[in-house]
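Residue numbers (my numbering), protein chains in the order written: chain A, 35 to 1010; chain B, 35 to 1010.
Hints in this document: simulated from the structure, not taken from any laboratory. In this text, all values refer to a predicted model and were calculated from it rather than measured experimentally. Some clues are possibly wrong.
Where chains are identical, the list cannot tell them apart; a pair therefore holds if satisfied intra-copy or between any two copies.
[Stated by the list, open to error] Using 25 Å as the maximum straight-line C-alpha spacing, the simulated BS3-like pairs for lysine-lysine come out as follows:
hint	residue 1	residue 2
1	569	649
2	774	676
3	714	584
4	584	638
Protein chains: 2
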Amino acid sequence: QESIDQFVLTLSLHQNLANLQPIQIEYQPYYVYILYIYILYFIPAQLVWRTLSPAAERLRHILGEDDSTPTPTIFTEMDTLQQEGGELEWKESARWVKFEEKVEEGGERWSKPHVSTLTLHSLFELRTCLQTGSILLDLEGYSLPQIIVEQQIADGLIPPDLKEKIIFVLLRKHRHQTKKPIHRSLADMGKSSNAASASGIHRSTEDLRSRQSSSLGRLRESHKHTHLKNKFMKKIPRDAEASNVLIGEVDFLDKPFVSFVRLAQATTLGGLTEVPVPTRLAELFTNPTGYGYLIAGVDEFLDEVIVLPPGEWDPKIRIEPPKKVPSAETRKSVLNLNELGQVNGLAGGAAGGEDEELPAPHELGEELKFTGRIGGGLWLDIKRKIPWYCSDIYDGFHIQSISAVLFIYLGCITNAITFGGLLGDATDNYQGVMESFLGTALAGSVFCLFGGQPLIILSSTGPILIFEKLLYEFSKNNDVDYMELRLWIGLHSCLQCFLLVFSDASYIIKYMTRFTEEGFSSLISFIFISDAIKKMVGAFKYYPINRGFKPDYITAYKCECIAPDQAPALGLNASAPLADDNMTLLFNLTDLDWSQLSKKECVKYGGMLVGNSCKYVPDLALMSFILFFGTYSMTVSLKKFKFSRYFPTKLRTLISDFAIIISILVFCGLDCLLALDTPKLHVPTELKPTRSDRGWLVMPFGKNPWWWYLASFVPALLVTILIFMDQQISAVIVNRKENKLKKGCGYHLDLFWVGVLMAVCSFVGMPWYVAATVISIAHIDSLKMESESSAPGEQPQFLGVREQRLTGTLVFVLTGLSVFLAPILQYIPMPVLYGVFLYMGVASLSGIQFWERIKLYLMPPKHQPDFSFLRHVPMRRVHLFTLVQIVCLAVLWILKSTFLAIIFPVMILGLMVVRKLLDLMFSQHDLAWLDDILPDKDKKKKEDEKKKKKDKKAPEPESDEEVRKCTIWQVWICLS
Amino acid sequence: QESIDQFVLTLSLHQNLANLQPIQIEYQPYYVYILYIYILYFIPAQLVWRTLSPAAERLRHILGEDDSTPTPTIFTEMDTLQQEGGELEWKESARWVKFEEKVEEGGERWSKPHVSTLTLHSLFELRTCLQTGSILLDLEGYSLPQIIVEQQIADGLIPPDLKEKIIFVLLRKHRHQTKKPIHRSLADMGKSSNAASASGIHRSTEDLRSRQSSSLGRLRESHKHTHLKNKFMKKIPRDAEASNVLIGEVDFLDKPFVSFVRLAQATTLGGLTEVPVPTRLAELFTNPTGYGYLIAGVDEFLDEVIVLPPGEWDPKIRIEPPKKVPSAETRKSVLNLNELGQVNGLAGGAAGGEDEELPAPHELGEELKFTGRIGGGLWLDIKRKIPWYCSDIYDGFHIQSISAVLFIYLGCITNAITFGGLLGDATDNYQGVMESFLGTALAGSVFCLFGGQPLIILSSTGPILIFEKLLYEFSKNNDVDYMELRLWIGLHSCLQCFLLVFSDASYIIKYMTRFTEEGFSSLISFIFISDAIKKMVGAFKYYPINRGFKPDYITAYKCECIAPDQAPALGLNASAPLADDNMTLLFNLTDLDWSQLSKKECVKYGGMLVGNSCKYVPDLALMSFILFFGTYSMTVSLKKFKFSRYFPTKLRTLISDFAIIISILVFCGLDCLLALDTPKLHVPTELKPTRSDRGWLVMPFGKNPWWWYLASFVPALLVTILIFMDQQISAVIVNRKENKLKKGCGYHLDLFWVGVLMAVCSFVGMPWYVAATVISIAHIDSLKMESESSAPGEQPQFLGVREQRLTGTLVFVLTGLSVFLAPILQYIPMPVLYGVFLYMGVASLSGIQFWERIKLYLMPPKHQPDFSFLRHVPMRRVHLFTLVQIVCLAVLWILKSTFLAIIFPVMILGLMVVRKLLDLMFSQHDLAWLDDILPDKDKKKKEDEKKKKKDKKAPEPESDEEVRKCTIWQVWICLS
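Construct all of the structure, not just a fragment, from the sequences and the given hints.
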């Protein structure tokens, strides 16, 4: 099967006909070239040929329509004939795996992958070559040069006396472009024959062949070895086939010698290609009736070709590969539509610069169908999630998970401490930091283990905090037992949740469009950002800077503690030193050495702090700012580092994945180095309730009158709405189509567990938990997967999110264990964590279209990015839509800052009403691009449509239905 | 001349044949379109046609070669026929000024300018149209629709009964795409006729025309008004001509109606085009013999067309315009070379992504020619500069100058203070800050007013400082009068400079290649950066942070001043308060209230500082860091802001130009706000020598023995070398080709003035001055000009530097006046200025190729930018070359840090020797790409070449001469 002369030079029309660019060499007027192309594999026919152009039709006709084998990726290598040290050899000069890479003139370096461009002339020349050259199909991979040359002689294309010379040239060594240039020769003829070859060709090919076969075995061994180390191999898909193009220039020919050859048997050939890509037999078609199809193939290619006008383009520029290449079918449909006269509409009709995907209407509702059966949705959720359960565990074993766990863990405990502290203040420590930690751990781990969407992170949220505060104040004023009342509210709320679950109530979420979603998530992001900044500003208040400080007058700065009874006597004269005898007197009186007391002790014992440095704290405010801002900006820079030019992709991805952890470590290190007393993360170290007069369990009966057990139904209703909205909107945001989640979601199941956890938390007197939008988004962001192997120059594709239950569960287990981790955690300064919070807020904003649209206000039209909606909706409509959103957000922000924050979830319902009203302000076409279309609209439209069909005649080119169809169509093009 | 029916629809083959893209509409199977193109202007023939392709040759033959009128820019507008509110109208749907802008489907918005792409089909269709449609040349702009339609009828292309209908369609309103859509109609027929037009066409064209002419006057008035406000007009060059393309679809035609029309008379037409572009008569050729040339034109276009393969490209992507479009000639020469078989070499032969220009050898030497006459170079310098003198003043009046003056002024005074302070320390205040200020002002302003290159900024430099230090030490140890000795050295040095000037010695600078230049300027940049950082680190030493500070124990921190005789008695017990009676005793003894003394006073009077806060200064170190780093990063961000998407270009350019000033102001504001005692800029406020025992003038005789006057020749020689090298290398860097200076330079003149100023400064006892590389580069950077008006999408071109004497002079006048500006300057914190220094150092590094090559070490090959040298020189040679430079730099750095710094300029000579040795290590080809070729090499090569020509036969394809020719050739391509 395998023989020395298996030069396999292939050519694929569909994937890289552009490879034929080198053919333009043929214009060379002085020499005549050999173009020697064995066609291994030709015109894959898996494409559904549409009636497009005459050429395509002809091609389809020739190929038949019954072929369905997928086309393998073609690795193409172009070798040119060169004189190296007086010896002829074939030197690799370009290669293609989807995109073109050239060997730079200076050699020893591959160019950047780029889109191959070619001149029309080359194409026409190729067409001529195909018409006039010899084409040999389905050959045995054996003695090829001989067969080809003989065929050419038989066709009268070359005179017989050149046979030996051509064969000699074809059998020269192949030198490939690798890191260390490797000389490989199938002919491997030794130095004696090299000397001969320099002066002329004397040896017979038989002689050559015998030598070659003996050396082949050795050669192949060494190749295997080299190839294993060849990193480039990773870029080529497994089922790839190789294709070789040889181009050379010799002076003994007076017209071109062109051959296209396809082997019947696909074989791995030794040193011909750079990488050991096996070649399969192409069984697609056995039509031997001429080569018409080749011409038709070229014509078909010409039909689809894109032309850059010379006056607007510099041919020397290498075009960067696009992010996404449309499939052949899409290209054809574009052409189709072009022919239907929609040129302007469609040439500008789909997203160009970005690959944003507009969710088609209804898509969301898949898991939110109203089943009509009791608990039907819950049952479907369970049925959907069960098959994934095993993979939910083992999918978590990945290095990325470590980063995700550490990052989310730090976010969670910071949150737990912050909310715990606030809750403690609000409820006189009935629920404090300890309860917050244990509750987070309990609720989070249960939810991650059994919930419908384990990527959601549960946390305390603002509205719940406000509710608890009001409830505690109410119980204190009315002499009601807070914990017991709270337990009953929890129980009622749990039952109400069950009611919502079993009645499939979550289906109403599908009426929530991008408008509502974006309003909610931007608000939450803004709250995160503003909280982080507020905390930072707080540091400047908590550690006031001594603004007028003069280093030279350091001797004048002091702060002393003065006994309360002595202060008036001294008349607050801070600079007067205390007399010794007075001191003694005081000691006798109070047994306290006032001057030895610390600031806190002094205040505690009623002393007075006197001095001009008492109310100032040096360095800490500025240090906190440096830590805060440094952590934030370092995280942002490291995240961006992924797109820099430095270091290999893997390292960059690793750095980007661990950006937050690296920043935290760096700034913790800086903090340790300066050893300043910045505020640190302190977690409780003992397992006991914050308030000593309460136990772990809350008893349901005994403390309040019986009617409270029923009356708590009313506040529970508020809590239920609050929890339902908060939970489900966050779930919708997490389940966004952009995140490409594959394992499905479970809105009903999620709510079920939130209800159960409510009841449990109420019994043990811990806070209530619900999905936290920003941390959940951060969780998803830290688990994003991108394709690893792709053709050189191809952008890595976003594949989806590492959906699993391991990271979430680990985060909460760690949270529970934090009590024991206190010695480590105490090194983390709070400003660093606030910096992380700022980053989370900003990062979760960045994915929101609303935010992109706000930025448009500041951009002159010519600088605006090429968003698809901008191609379809007039600028001022876009601005108006954005303005409505801004106003809504401002109103929500103002309401949130008042006591009305408790009806926050109801305000989300308000957003949905506003969205409904927008139907009156904007056309359905505009809304389809800027938002989604409300589902009920759909039904109406179908009815309208039916009506219209009855009085068929009325020509309404801009009817809603048609427009919607059109946009879906365009969306489909975007998607595919 | 002007008539209602002057629809001028033009088409230019050369500049935007791509405009013909809309012709692809013709595939539309249901209707038949009208393609109605008046050809105004066709095939400019100023191009030197080379024998390229048969098509081009044919075209040249047809057009003749004697035409030399330049082609005006063509503004093309495409209107499509649309139904708007039941009425037909021509709606603008795309326009081209070099690049394409589409009206987005949603309307009311122009797309981003992009490269127009088109399908081959459209091109072929156009070709067919040109062959079959009617072509009317040099028509009077009068009754055109009638003539066209009649011509078509005459040609039998349309039946006569359609005449009225077609004319009606052609006369519809034109609606243009502007901010507020303006409806314009040449036909302006009123509502009654509109109603008629909806149902059918009944009116006669004569009737129509009479109405139209009456309304035209009114219309044109209003157009002028609107057009004046039209900003787009600015984008179109003055001599532009308009070209209109009309495309429509009507149901009464059954085959396409195509016309190409060119008007004999170019006229401004009312509402047809968006902007009032006048059209000139095209007198280029009067060849009436058929339309062959049209077909040849299309073929010629096809020859040069670039094709993107469908499988690698998404046709929906809009290609961003390239930075630079090659001229037609360049394109042709590329094609030419392609045909000569240099495909690989040239396709990758020129800079793609960047427009870096490799200076061709010899280029530098233009002003450095060895004249052979005494003072010949100086005389040429003066002759070269005199004609520019007036423009050197008035070119300075520009808003950019304000920013440049402020920026460079701040840099200069910071430098003057720093060096003044150091000089003061080194010379016991014989030369202090005051002398430094006045000297800078004097030398700088004289140089800027009379020097050869007024963009150069004079300043004190490190080597001079070290020389002064050594000289002062020497004179003190040997009882020689320092000032007198220095005066004589200055005088000798001045004479030596004159000698160098009059002997044209500066010509040796041309042996300095990129290698030497880069070594020197990177070293200076690194020194700038390291100094800035050192100063910053110094702040942490000068203001130590109290690292263990506990805010709670503020009561325990104090610092007290204790009388010297009392300290031992107290045993340094800091916490023990002083007893009142002891205090009284001390007061009696010394009459000093020790506790009221400041830190400095305490130390001064021999007191002792006791306490745990004495050696710490709060906040200042961290604040300094924030100011330093903040200023630096804000400057960098604002400079980058120019390339952001926000705000109009003008505003962005303004922000970027004023980046440094804005940053300085912001951080001075922040400093004021926090009112901390950060170190401020303090300039002397009184005009008197720093040392009171010296006057302003230094007397040459009397203090030292006479033989010192002669002996000072020897140290003067060192100073001369030092000044010569420092001055001229900086001048070479400033005069780099990349800066596109147009007014020439004056190396000899520069050196002359430096010599004169040496003598003057020696007489008044002020420091010596020489060109400062980094500040000069900053000066140039702040004066860069870019083209303002360019076609939409075209990148602004770097035009050169605002070469003038005003900014420099102003900077130094301000420096002189700084004594009076002290009250304002004292608000500027030093860390802010160090931040500016850091920025200057980093910015001057960024333009250096060496630095780019260092970065390559960290980049995997596929991410490396597309530098031209990377296309030609193997990676490891590039790395080796960079490594040599790094080693040289490291050696220089080490030497500079020792006392050898004084022979620093000699080390630059060493660099030139190393460069010479590199000729042995690298091939001339590699050096030509990485560096420049040494001029003497050239001569040798010419001789070699001659020898070779004698024994002509030896084929050496890689001979140096050939390679050099090739690179120059390629460089030329890059340049043009």
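Hint check:
1. Taking identical chains as interchangeable, the C-alpha atoms of residue 569 and residue 649 lie at most 25 Å apart only when both belong to the same chain, with a minimum of 20 Å there against 31 Å between chains.
2. Taking identical chains as interchangeable, the C-alpha atoms of residue 774 and residue 676 lie at most 25 Å apart only when both belong to the same chain, with a minimum of 21 Å there against 36 Å between chains.
3. Taking identical chains as interchangeable, the C-alpha atoms of residue 714 and residue 584 lie at most 25 Å apart only when they sit on different chains, with a minimum of 13 Å there against 29 Å within one chain.
4. Taking the closest pair of Cα atoms, residue 584 and residue 638 come within 25 Å of each other only across two copies (18 Å); inside a single copy the shortest separation is 31 Å, beyond that limit.
Checked against the numbered hints given earlier, the structure satisfies every one of them.
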